[in-house]
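Residue-level listing of the chains:
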Amino acid sequence: MILAGDIGGTKSYLGLFDQNSTENAPIREHEYSSKEYAKKGITTMVADFLAQVGIKKKKLDAACFGVAGNVLNGKCQLSNLDWELDEHELSQSLNNIPVKLFNDMETIGLGIFMLSDNQLEILNPDVQFDEQNTLPRAVIAAGTGLGEVGLFWNQKEQQFFPLASEGGHSDFAPINKLQAKLFRYLLKQENLLEHVSYERVLSGPGLFNIYQFLVEKEKCDEKTHLKKRLIEENAKGENANHAAIISEEALAKNDDCCEKALDTFVSIYGARAGNLALNYKALGGIYLGGGIAPKIIEKLRDGTFMKAFNKKGRFEKFVSKIPVYVIREPKVGLLGAAYYAYQLQEQQA
Amino acid sequence: MILAGDIGKVKSQLAIFSQERDAKEIVKEEFRNQDYSSLEEIVALFLEENQSALKEEPIYIVCFGIAGPNINGKCQISYEENNLNWEFTVKNLRNLLTVNYVEILNDMPTIGYAIPQLSKSDLVDFNNISAEKGNRAVSLATGEGLGELLLYRDRSGNFLPSPSEGGHANFAPHNDWAIEFSSYLHTQFSPPISWEKVISWEGLQTIYEFLQHKKGMQKTSISYEDILHQANQNDELCKQTLERFASMYGSGLGDLALRTLAFNGVYIGGRMLQEILGQETTKHIFIKEFMNAFKDKEGFDKNRNFAKRNAVIPVKAFINPEMVLLGALQRAKIMANLQ
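Chain order of the listed sequences is B and C.
This note's numbering applies: residue -2 is where the first sequence begins, and numbers increase by one.
This note's numbering applies: residue 42 is where the second sequence begins, and numbers increase by one.
Since the hints were made in silico from the structure, they are not lab data.
One or more hints might be untrue.
Taking lysine-lysine and the DSS-like style, the derived pairs with C-alpha atoms no more than 30 Å apart in a straight line are [unchecked claim]: (1) C:K329 <-> C:K255; (2) B:K153 <-> C:K255; (3) C:K255 <-> C:K280; (4) C:K280 <-> B:K178.
Bound-form chain B, shown alone:
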């Protein structure tokens, strides 16, 4: 058996996987508060989990974790907590089995190889491709932030290899007049330190930025009840989710301004995904991860996304051959950790 983990800034998940199980899902799993275990340590979380599911640690062959932070020399500091994870320490606490830490975007990337058809939805079903291909792939994930990862086939090791990226922090490329105005509007926001990265538009807070721009600069009519709801949302502090309100109103076609905000968001999402396809030469597929895509899937289906994705001038032919999927499985990161742990297990056998 193998142990997989997805260690986030707020919540963490541990899952136990059995190679004999036919399903791409953990046989047992549990959710933990990261804050609580930042003090107790990851080895305690693992020990508590094994006690809860009644499994002895000698049954484990390998373990892999995706962590919300940068991994360097087998150690990872979580971005927002005072918590360091260490491969070596974990391995020692588990009878020296192989243990691997990845950045959580990397495990999301590996997770795509564990997904079955019903966990994916293709946005351009007419495209022809070979599912077993070993061409590069890329995942773009808009959620609370913007994550990106490339996946490359390693000929020698005969497996895909994830490459972490900070591409979400690269500059936003406006593709039309409206987006250029949005760029200028954001450039003037003091808290952005004179930078407009893709994350400022392609994330939950990004959708809210777009909405505010439309209201303030594009004479979009903000309805009173909506304004009230959005202001009330401020009271939730860190947990405020203005984007959920905007997308909900837009999808219900209740509010023109929200609809326009979501339309702009999806158009930028498509253009960026197309840029990634070019950057990584990702002819094997582009996958939309993150929390937002499954929630706005009706909007993603309406053609706005694919139109922006394909619009690459003389490279339109190139990008339009690429299958584009929405990942509908929220635990794809945990599955990716399991995927890698299985490989560690095989290498031992």
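Fit chain C to the known structure of chain B by using the hints.
Coordinates of chain C only, in the frame set by chain B:
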């Protein structure tokens, strides 16, 4: 023996090297493509001319870097300006050469193989920083085109090349001036506006025109050679043109470095850069503006962590004019286990 080649759009270079760890160049020759009907013709001619050198030891491994794609063994090099359209297959070359090991690569990954082989004199160091762990990013601006390549480290620490078409991705402005320029580009060209529209000779000329336009000056056409020449003569407008160009170039490469976590180094090259770095004034302007924009990237937090992270990345320009040939030789040596 090793046969290595740089098969470009205008000219081709072939060379024979001894098959040993410090491969020695036996013979090298350059051909003008338009004087021949096919690559096969050039190869056959070259081998015939050098029969005597190959008497004792025949060619065992062949590697060419070509200015075009190799799709499942079918290769193509086309260039409108000299009506060139060569098509050939790896299989045919193998038969013609009677050699089993024939590798045809696109020239960008071939350059990737040359990067680790460069000596100090092949490089212009922009910031004199020694490498951290991480990947490498390579960018090649020829003037007409913009190539990108990622060299990523696999688990065993080897660098593997992964090609990119990033030059065709949408151009991203990084400040007020650049967004204005981007809007101007949208009025001059039909969108999408790619990076290649900016990081190219055409881009340099468009920046010049835009600066004239902003100053309310009459639009005059100027060649890129003149822009560089006059910048070296201290002409203000031409110097400003180069400053803006270098700043957008640096910003684009800064994004590439972030996107690929290229902490081991960013390498830039190409004919364009060689001309800019060839003269003191343009070299000075370019490096200064490029590095400012390269380092100035957004961080997550108040401490601007990313600005710091990009600042520790070594940036180097490669000025060796024989990068493709060097890379092809290196690839052949790897195939022959001479590494």
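Status of each hint after checking the structure:
no.: 1; hint: C:K329 <-> C:K255; verdict: holds (24 Å)
no.: 2; hint: B:K153 <-> C:K255; verdict: violated (55 Å)
no.: 3; hint: C:K255 <-> C:K280; verdict: holds (16 Å)
no.: 4; hint: C:K280 <-> B:K178; verdict: holds (29 Å)
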